[in-house]
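*Asks:* Chains as they are written, first to last, in this note's numbering: chain E, 1 to 251; chain G, 1 to 251; chain Z, 1 to 251; chain S, 1 to 251; chain L, 1 to 251; chain B, 1 to 251; chain P, 1 to 251; chain H, 1 to 251.
No wet-lab data here; the hints were simulated from the structure.
Among these hints, one or two may not hold up.
[As the list claims (entries may be wrong)] Just the calculated beta-carbon pair ranges, DEER-fashion:
| no. | chain 1 | residue 1 | chain 2 | residue 2 | range |
| --- | --- | --- | --- | --- | --- |
| 1 | H | 170 | E | 149 | 55 to 65 Å |
| 2 | Z | 164 | G | 167 | 36 to 46 Å |
| 3 | P | 94 | Z | 83 | 31 to 41 Å |
| 4 | P | 16 | B | 54 | 49 to 59 Å |
| 5 | E | 169 | B | 115 | 47 to 57 Å |
| 6 | Z | 66 | P | 117 | 34 to 44 Å |
| 7 | G | 55 | H | 60 | 22 to 32 Å |
| 8 | S | 112 | E | 19 | 19 to 29 Å |
| 9 | G | 82 | H | 170 | 44 to 54 Å |
| 10 | E | 18 | Z | 169 | 17 to 27 Å |
| 11 | Z | 89 | E | 96 | 53 to 63 Å |
| 12 | E | 19 | Z | 148 | 51 to 61 Å |
[Claimed, not checked] In silico DSS-like links for lysine-lysine, alpha-carbon gap of 25 Å or less:
| no. | chain 1 | residue 1 | chain 2 | residue 2 |
| --- | --- | --- | --- | --- |
| 13 | P | 5 | P | 56 |
| 14 | S | 11 | E | 11 |
| 15 | P | 5 | H | 11 |
| 16 | B | 90 | B | 56 |
This structure is a prediction, so every number in the text was calculated from the model and none was measured.
By construction, the Cβ of each residue, glycine as well, lies at the ideal position given by its N, Cα and C atoms.
There are 8 protein chains.
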Amino acid sequence: MDIHKILEQVKNNEIELKEAEELLKKMPYEDLGFAKLDHHRSLRSGFGEVVYCQGKSNEQLLRIYERLYEQDRNVLGTRASREQYELVKKYFPKVQYDSVSRILSIRSKEQEEYQLIGCIAVCTGGTSDIPVAEEAAQTAEFFGSQVLRIYDVGIAGLHRLLSKLDEIRSANCIIAVAGMEGALGGVIAGLVDKPVIAVPTSIGYGANFGGVSALLTMLNSCAEGLSVVNIDNGFGAGYLATQINRLACNK
Amino acid sequence: MDIHKILEQVKNNEIELKEAEELLKKMPYEDLGFAKLDHHRSLRSGFGEVVYCQGKSNEQLLRIYERLYEQDRNVLGTRASREQYELVKKYFPKVQYDSVSRILSIRSKEQEEYQLIGCIAVCTGGTSDIPVAEEAAQTAEFFGSQVLRIYDVGIAGLHRLLSKLDEIRSANCIIAVAGMEGALGGVIAGLVDKPVIAVPTSIGYGANFGGVSALLTMLNSCAEGLSVVNIDNGFGAGYLATQINRLACNK
Amino acid sequence: MDIHKILEQVKNNEIELKEAEELLKKMPYEDLGFAKLDHHRSLRSGFGEVVYCQGKSNEQLLRIYERLYEQDRNVLGTRASREQYELVKKYFPKVQYDSVSRILSIRSKEQEEYQLIGCIAVCTGGTSDIPVAEEAAQTAEFFGSQVLRIYDVGIAGLHRLLSKLDEIRSANCIIAVAGMEGALGGVIAGLVDKPVIAVPTSIGYGANFGGVSALLTMLNSCAEGLSVVNIDNGFGAGYLATQINRLACNK
Amino acid sequence: MDIHKILEQVKNNEIELKEAEELLKKMPYEDLGFAKLDHHRSLRSGFGEVVYCQGKSNEQLLRIYERLYEQDRNVLGTRASREQYELVKKYFPKVQYDSVSRILSIRSKEQEEYQLIGCIAVCTGGTSDIPVAEEAAQTAEFFGSQVLRIYDVGIAGLHRLLSKLDEIRSANCIIAVAGMEGALGGVIAGLVDKPVIAVPTSIGYGANFGGVSALLTMLNSCAEGLSVVNIDNGFGAGYLATQINRLACNK
Amino acid sequence: MDIHKILEQVKNNEIELKEAEELLKKMPYEDLGFAKLDHHRSLRSGFGEVVYCQGKSNEQLLRIYERLYEQDRNVLGTRASREQYELVKKYFPKVQYDSVSRILSIRSKEQEEYQLIGCIAVCTGGTSDIPVAEEAAQTAEFFGSQVLRIYDVGIAGLHRLLSKLDEIRSANCIIAVAGMEGALGGVIAGLVDKPVIAVPTSIGYGANFGGVSALLTMLNSCAEGLSVVNIDNGFGAGYLATQINRLACNK
Amino acid sequence: MDIHKILEQVKNNEIELKEAEELLKKMPYEDLGFAKLDHHRSLRSGFGEVVYCQGKSNEQLLRIYERLYEQDRNVLGTRASREQYELVKKYFPKVQYDSVSRILSIRSKEQEEYQLIGCIAVCTGGTSDIPVAEEAAQTAEFFGSQVLRIYDVGIAGLHRLLSKLDEIRSANCIIAVAGMEGALGGVIAGLVDKPVIAVPTSIGYGANFGGVSALLTMLNSCAEGLSVVNIDNGFGAGYLATQINRLACNK
Amino acid sequence: MDIHKILEQVKNNEIELKEAEELLKKMPYEDLGFAKLDHHRSLRSGFGEVVYCQGKSNEQLLRIYERLYEQDRNVLGTRASREQYELVKKYFPKVQYDSVSRILSIRSKEQEEYQLIGCIAVCTGGTSDIPVAEEAAQTAEFFGSQVLRIYDVGIAGLHRLLSKLDEIRSANCIIAVAGMEGALGGVIAGLVDKPVIAVPTSIGYGANFGGVSALLTMLNSCAEGLSVVNIDNGFGAGYLATQINRLACNK
Amino acid sequence: MDIHKILEQVKNNEIELKEAEELLKKMPYEDLGFAKLDHHRSLRSGFGEVVYCQGKSNEQLLRIYERLYEQDRNVLGTRASREQYELVKKYFPKVQYDSVSRILSIRSKEQEEYQLIGCIAVCTGGTSDIPVAEEAAQTAEFFGSQVLRIYDVGIAGLHRLLSKLDEIRSANCIIAVAGMEGALGGVIAGLVDKPVIAVPTSIGYGANFGGVSALLTMLNSCAEGLSVVNIDNGFGAGYLATQINRLACNK
């Protein structure tokens, strides 16, 4: 029931003033919430909800998947363990698990037939950055973006990156995933004119401080058009890149 | 001269083999550079070059403005002091200075008549964040984006933010500038479905560590669609937002 | 025996001067200690002692519970493992264990019948913050406060928090438990006019540094009426909230 | 105009449905804001607004004081410089400045006659902590609390603290201000059973890191009933202590 | 008046019970304080009080010197500026100032004739560490220790240190003052078998973090017999070394 | 095929213009890459490729060794586990594993007969630094340098280091491996006039922060001729030392 | 052979000049080493060598004990695991292991009969600090000092500490072991006039950062006569305290 | 007098045994020192001593230059201010000052005619890194190396760096000076096979922490052949590069 209907009922004496007042008092928040869900739905176009699986108890995890199953919708679970996959699979045989990205997803038939749009380039500095890159790439694909994977093009072998430049420049948005020195993001941003989302990874040893070194490198880049998400936050990068890709595709 | 022309000249014996070889050897880098400049030019559409004024010597600064003046182009100078403004003004009377954003710019007539496109919302948590926000806003305007300023809507008075929500949601991209606790970025990202660029500021005292506290808050936000630039980096946010805004406007 | 009695005995020659001197020399500290215990007892009204179980050896733990059992009093054990619960249970079958809060408590019949007073609201940003929140809530209940639990109202979904605002405002004191960006404390403090105790949790990954990010957010909040306890220190928050709640109830 | 009146007007056809709808749509936020202001007013009982003066431009500062003067209300300015005092004084001769606490306040006649209630003890470790302590104390007094000052009772001379214990215990809330090692808060919390608000100060040198050392000491205290505010945040402590003192006085 | 006398008076009815009770209640703390002052006096043998001058207001500083002058005692002021010296000199012409160590002292005739005892070696890594070393050395001398100065023997020129080894080994306690890498303390401790007090200094640049680098080096030394005081804390080292030197001299 | 040949073919009409254009466009990067590989080959003189084994999946590891085996080249694997050794050994029985340095290498017959040149001294502070030192030493040997091992000469027993000084001075380059306080690098650099590469190790406890303490000591050394690599980066030091040793041997 | 003998042989032509030169060149370092060992022996009076067991391989550990056994001397092993104890016991049945302090020692009959001298007070803040305190205490006892244990006297229950003050003051040197807030060292140093060695422990959680919080508290203490050793470095404190105790006993 | 001469005198009875013994006892350290000076002299071939001017008092500075002038040698002063230049110039008119590198040098005629050898490439990321680069370059030139300056080739405009690659590869050693993200060192090390010395600079703002960000980037680089010196330590890099350049030139 929306504001307009309540006011009509008031006008038509179909409702008590006090009751209308109560309804209206609660409404803004519900409305707000509803709007929030609404635009989210419009964003995701029926792709479903996101669950951060790590640290969830078995019971919590199952309850979430159950509720979503009843609503016949899609679900994207991140940071899932193999154990969680096996647990969920017992009840929801459709669930799919990728052991590299650790994404545990259910897709509706409608989503599987969805036509991927635009282009997001996902680059990594090394092979060890691939798990984070795959979390980003598969998140973007789950939400409907086409993804171009360009892995192991770190600056220690710059020629590999340069030979892929034309492809990278063709994307609407670039995700640069790198650990250790983390210079990849800045190098790419200096070579393209599209938004670059840098994802530091916790790969490395010694004074890399679990990714802080790469994070600082990225924040301090003097290349224009670069922004940063949290260490290892492939999901966040994939989600944000999808927002930008959709804007570019006018969706 | 591009590769094609050189090869034609070789074929037609209009050029020595050795000379052609020399030209080609240097070309890729020049090409690369040229491409870079090229797409930059397409990005900026004749708006000009960017100069980080802080720390530049008087001589360096003047030489840069001189070179740009000769090319009859525009220039965006950031972090300029009033002294630098007065210095440059002696030689280039057209130069404009904004003492809040510390932007020192020259605009060509063509640029001044340019029609601003799309919409970027620039929000701040408090009034002390305004200098950084203005650097972002004026950068975006310089590069052709329409800007909506929504200042002093920090989370200590949440109702002010909520009352502006419709306006914020209408933008293609939101820049959230905040110091101290820095929660503004996450709150906005939780309420809209457009990319949010969070800019931590060095405003605050005590355990804020020159903006690190706000930076960490923003990096750790669990709201989706949020990325972060360096502390006080208003320019970077304005530039990146323009890239996104242009994508959304298909420019 | 107090000072007054000793002096009377001196006056009445019922005690040697030297003996009185010895008694008095030790007294201030014992008195101090006694006073301390005394007001603690008055604070806790027979609810018992607190034990930080983590790291205690089995022998140490049993000795403490034994001493308390003999005195027929209550005991609140925090950070207890299931193994410690099973150990203690063998000897003290009345002991109760909550695996979420990890609280291991014995309550006397008198305490169980105690009427809970006032109101403390315990809020969390996410579901992963619940263990810390429960430590706070159950500590407050153990010491006699009524607790209102409002979980999973983090700022990424602000409407959920706003819809609970009236309830939160009705409490004498609010405990805000949040990890990751940790903005919940500041948001609540900006919406109510009661003391808010913020508890950062070590939930998160990347640049959250085991809760330091949330801690800094909370310390730097510009909302008035907010103070902070150590990361994951649910017990400390519950204890402090009880002190404030009692003041408000004039107990 | 509140919800009730709008609905009556709708019922009585005194207002267009569309107009009522518009009014109601904006209302919740205004209501929220209003409520906020309202409870703040009830908290402050006509004592006025708070301004963080540091970093405010002369123009900004004057505009704020002007607006408040017109409303004939009180104002508490913190971190004001002597220059700001002299500026404001020109236009508002009633303004008062304390060079130790750096508080710049205007009090209405009504406020000056207000009867201070309850008791807050403000303690410091050394004499150099006094400016922060005075910010706390004068904030508390401004908002109507009686304050007991107990300065220079740091743990290097424990006997001074112990000799004041009875007085400290008589307060509803204690503010412990200390720099360097910052142990004062924990020592006091171990000796009293009232809420203790610890304020680390940036006093010290070497590895004190501008107050971080004292901050960490306070956060890690194992004494019960202790919480912490930001480094040098005397205002925050005074405000929070007033909230607790009012609860204890049932105001 | 001590406990024994009070009890006698009680016994002899020379004092009211209530009054005796009051006296006894306050006594322990006064006793404690007195004892503290007492042993301090025995430590310092009439050498006087210590004042940390930095940050003291002119008024505070003068009041302290005045009180001490009246008592005809000695005073050791540390971290004094030349301005403070000139201020104090106006009122107390006997005051002496050393611009290197920044010590501002008044010595009684009795102290000036005191025979220095034992031996403390004060070593520095470089010439820039000398101000901190002099604070240590002059503190030790003020409190009655003989001091051996061995400056500029840092590990970059190890032979200089080795050539002084016999002298260093003859001291009861060694103070090793060093900035930058701070390895001096560990090197000396590896060569002698007396307590070594390491003082990190804030000398250096780059990643020395105001002395933290030297501090960490010293804390992590694997040489036995080494302990550390705060960065630049020459006074603390000189005081502690005097305690050890006195123990060795049985004073 | 190089630029010259392509141009000749163009001139002689032996190739289509378009095809030549394509070849040339890709060439610079391939050239660049090739050049890189080329000089690397000249550096390594047929010694092979380097693999960072840690974190590689079994499949990845085998594929790399397989590719190298086919090319009949040598391979240096660092940070290999015993499990990885056993895996690789199944397929490549020639592989050798050193459990101290964790180096997993295959050497061609040609490499095994190679005459080691020059001299690199590898020193350690303690016995626990030996694994990192061996990674450095064996890397240097793998790439053709003669290595002099001087272990356990830390500054806590300076005489051991001094007694080896002549040998150390005879090397072209010194690698100083040390944890805890990490002063070894500076001490050696102060005693020799050859480049010293300092390797901090993560050995230690308490405030050594996983090697950061030693790292800072080394960075802040005032001895000339010292540079630093990442914590525990024995491979990097061994590789760099080989570059210097080869320069000194004019290879 | 010492310098004197060599010179005599030169004088008497019993040795070649060249040979004498060689012997003399090496001598200073050997001499130095010898002196070092010598004074160590005089320090330890036959108590033996110290081994840091943690991280030693079984082979290394056994070789060390074997060498020491042959010399019929004593050995103090720190940070030993139970496994290491069982390993060593097989070969050296006399070895003793304390599972709290993790000290693994062999004492000669002569040492066991040694009369302990002087007095060192070892205090802890809580029961969890006892392992570090025992490492300190048993180290001091191993090297011949009498030790007074005063445990669990942290500042949260100040009266317990005060009631032990006379005993503490009777010691020549005090070791204060404390984690969490770490204020114990400063409190004791403020109450006694003997050297206090503060040992921060890694006990605690949240923002204690593995003992850094306690370390900073101790470094920043404004109490005089306090120095600090590394986190958890009980051995270092026990060794240093013994040096001071010996000085006080003139041994 | 050296060992050989003393022994001869002993043999010839030209010296007392006791006196010879005394001379020999002190000699090793003097010898060591002498050797040190000796090889330093051979390294520097009459180029002179190095003075770190910053923080030196006027008196200290003059005394050093005076001593060196008397010896008719060269001197390299680093981090000199213009004031120091003007002071020194009064007494030593030959002194030269470069206001960019802040080097204050005196060169003998012999040194000025010295033929520079080999080649060191000094590269910078931006123009603001030039002062540090010039300190490195001029240090290297002072000590006899030929220097190739390649400035402003940071990774944000990679083509500029690539176009200079041949020149960079021709050097014996490369110094890479960069602030902000600091990726230059790793990029160059990935493109050349000579030792690269990375110098982080304190240029930048926000989360660059005075150069720590660039330092960490460089330490974590996965490119081979890279080592790092302290932030802004141009002198250290120039000195070390000279050592390597000399090795390559066999000098």
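*Asks:* Taking the earlier hints as the rules, which of them does this structure contradict?
*Replies:* 1, 2, 8, 11, 12 and 13
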